[in-house]
Structure formats: structure tokens, C-alpha cells
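Enquirer: Chain D: place on chain S using the hints.
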Amino acid sequence: MIPAHGGRLINRLATGAERDALLARAKAAPRLKLNARETSDFEMIAVGAMSPLEGFMGSEDWKAVVAKHRLANGVLWAMPVTLGNKGLGALKLGQDVALEDESGRLLGLLELAERFTPDKAAEAQGCLGTTDKAHPGVQYLDSVGTEYLGGPIWALDLPKYDFANEFRLTPRETRVLFKAKGWSTVVAFQTRNPIHRAHEYLTKVALEQVDGLMIHPLVGETKSDDVPARVRMDCYRVLLERYYPKERVTLAVYPQAMRYAGPREALFHALCRKNYGCTHFIVGRDHAGVGSFYGSFDAQKFMKGLDPAELGIQPLMFENAFWDKRAGSMATTKTSAATSPEDMVMLSGTKVRDMLRAGQRPPAEFSRPEVADILIAAMAEKVKAPA
Amino acid sequence: MPESKVTVKIPRPLYERIQHVIEDSGFSSPTDFIVFVLRDLVGDHALEKADPANGARSAQTNEDIADIRRKLHNLGYL
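Going down the list, the protein sequences come from chains S and D. Under our numbering, the first residue of the first sequence is numbered 1, with each subsequent residue one higher. Under our numbering, the first residue of the second sequence is numbered 1, with each subsequent residue one higher.
If we strip away everything but chain S, and leave its shape as in the complex, we get (with noise of 0.2 Å):
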């Protein structure tokens, strides 16, 4: 099996007498709330998913990642891990800091080692490639307050979700899921959209190569306007079940909130998945980015540029894909003789928006009916329920 980022897959999930211990600890501390990305973070962190973690980051490994996207100790590591203060005026180093999630549950707890004051300019710079403030990145950045809190973490209990239960894999369980079925190699697919035939061919090439596919999307804080995660997982559902082959594709979501940054965020979730014990990542078009502020292979630069040894995971580029009306398949930029637009069915996302709330089912070629009367019929339910 792969090992984990760093040499070993974290675990900071307290049981048993430990946990009393620490629950004991967390009674007795000032209490702060998570915003949504710090709780899925802080989920991540305590099951291993973003080893070598074992805490939010202090000032040195926040410095390191910023500037060099590395960890203090010189490992390769994409994103800055924080956890802003919020209004906890008197805290000493050393001492515990109780974490709740946003309806007040008790998560967990923080052994505070450092109080900063981050750049956030920088950081936004360094990360995210602008200090534009359209980009939602550093509109989030904006709203975490001045000064960010480290320290290691643990978890008394994770945090609680109404929909996707069944799909809550952990590291430690999809390592012991592909030894079982006996894949020693896999390929994590990341998405926060849902699938359509373009990506359903790289997915099957990438599967082409590899003992067995793991469909993980992203069901942390995305923007408002993506679809929503639960919408997504019913498409997802329908997809597997249907066209994929069931003894080699598993699906299981993946916690992590979007930072939508891009090249840095292809190699965060490239890194995150070799936790989970994936060997092959797949790097789409436009990995992880938003309007205009990447380009179309930023991400796969980005990743070519890194010393495979380090990264300890195989990255699989891929090309734009479309249906190739020439050849009567689906291909890419790369394989595709066509040459003009009309031999290629490819459309913008706004053009499918529209088709779908419409109650249009986009061309087949372009996606699954059943995938587009999932969105259709979620379309229609959020315009008779306006937020």
C-alpha cells in the first residue's frame, strides 16, 4: 500500500480513556466556533486525510507553504491549513482551546502552540495566484479575521452531516477497502460538478491503466452557485450504477471546503487522495479553478514541475474532452482529428445551465439523460423554493 504523505497517515480521533480525558479538558476551555471550511479541516486533519498534519498550522509551516509550498520541514505541501481566532481576546500559549462546529456541537480540541498574525495579502498572492478580491479565496481570507491560531488538534467526535452518510470513508477505510478488493493500484477522481460524458471518459482512460477507480467528489463548502453535493451524489449514484463496471469503480465523498486555487489546490488534492491511498490522481482541464484566473492548464504545468518522488502520487493529465461527431466516439484536444467546433459537441457551462432550467436535457453525447433529469428536476425544485 502507498504510504502516507509524510511517511504516516495521521490519527488525532481520541477513544476510550483518552477521550474522557480530553472531553474533560474541553469542559473546562474557552470555547471557539469552526466556520464550515475549518470543520471539515479540523475532520481531515483528525482522520488523516491531510497527514502529516496534526493540528492547524503554526507561523513557520505557514510561512514555508506560502512562500514554497512546503512545510517547514522541507515536505511538499500545497495550501495553508488555519484556524482564525475569533473574539478569544485572553488566550495563553499552551492552553486549550474547546472547537465547535457552527450549531455549537463540541468537536474537539486545540493545544494552542502559537498565536499570528498572517499576511494575508501574501498568502492570497502566494496560494492563490491574485490579491483580486472577485476571487472567492481571498474573499474568504478577507473574512477570517487577522490573526490565526496553531496548534494540534484532537477529535472527540467528528462532525455530523443529513445527507451522504453511507459514502464517509476515512483513510484508514479506503486503504482497507482496496486491499480487500485487491487493487494495488487506484485513481481518485476529484470533482465538485457532476458528471458528464467528458468526464466519464477521462475516468474510464484513467481506469484503463489501473487496478480500480474511486469517484470522489468534494462535498465540503463550495460556492453557492455549484450544485449542491447532494444533488450531485444522486447523479453520481445513477452514473455507477449504471455505466461504470461495479467490481472496479467505488464512489466515497471526500470532506475538504474548495479554495478554488488552482494549480496549488490540484497538488492539495492530489496529496490528500494518496492518503486515502490512491496512486494515480487524475488533473483534468482547469483543476480546481474559477472564472478567468487560471489558465486552462495552469494546473497540469504546475504538477509536471514537481518531483514525482516527492509527490509519491501519479498524476494523470488530460485534455479538454468532447464528443468527436467524426469519429462517433469521445476524445480529446490530443486524440480528436476534428478540427472544427461543428465536429465537436461541446458546450459552455452557462448554455447548460439554461438547457437544464429550461427542462432541457442537454445532447446525449454531451451527458447521461439520467444525470440531466436529476439536474432538471433539481433546477426546478430550487426555483419553486427560492432561498
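Derived by calculation from the structure, the hints in this document are not laboratory data. The reader is advised that the hints may include incorrect statements.
As the list claims (entries may be wrong) - DSS-like cross-link-like pairs, simulated, lysine-lysine; straight-line CA separation at most 30 Å:
(1) D:K71 with S:K246
(2) S:K27 with S:K92
(3) S:K68 with D:K5
Computed from a prediction, not measured in an experiment: that's the story for all the values here.
Expert: Okay, now just chain D, sitting in the frame of chain S:
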């Protein structure tokens, strides 16, 4: 209580070569680099067995694995 770290001797030319290799790489010392490479080479499972102080929480017993298999079976994964 034994020390949590030990000294390992390596040939000086190799040490100097590592110093050169890690320049501008992000590794803060040859020791950090060597620990990283060895962890990568030896793998987490062997380290967990060899270093209970660090690995005990990460190690999985046969019972843990049986529990996970049961859960995976109940969820329909196996």
C-alpha cells in the same frame, strides 16, 4: 525514558552532497532530508511497528481492520 532521537553516522562526502542537493529545496537541514527519504523508503507500516511512541495511534490492529471490513460490508462496499 530513552531519547526519542538517535545519532546515525554517514560518510562526510555523502553528507556534503546532501547539503548541496537541498539548497533552495525547502529542506531546512540534511537531517530533515534524510528522515524524509527514509520514511518514504521504509514506509509507514514498518515505522509504526518500530516506533510505538509515534506510531501507536496510527497503527491498525487486526481487530481494527476487522471492524472496518464489517462496516464496509454493511455499507455495501464489500
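Enquirer: All hints are to be evaluated individually against the structure, with a verdict given for each.
Expert: Verification of the supplied hints:
1. D:K71 with S:K246: 18 Å, holds
2. S:K27 with S:K92: 17 Å, holds
3. S:K68 with D:K5: 28 Å, holds
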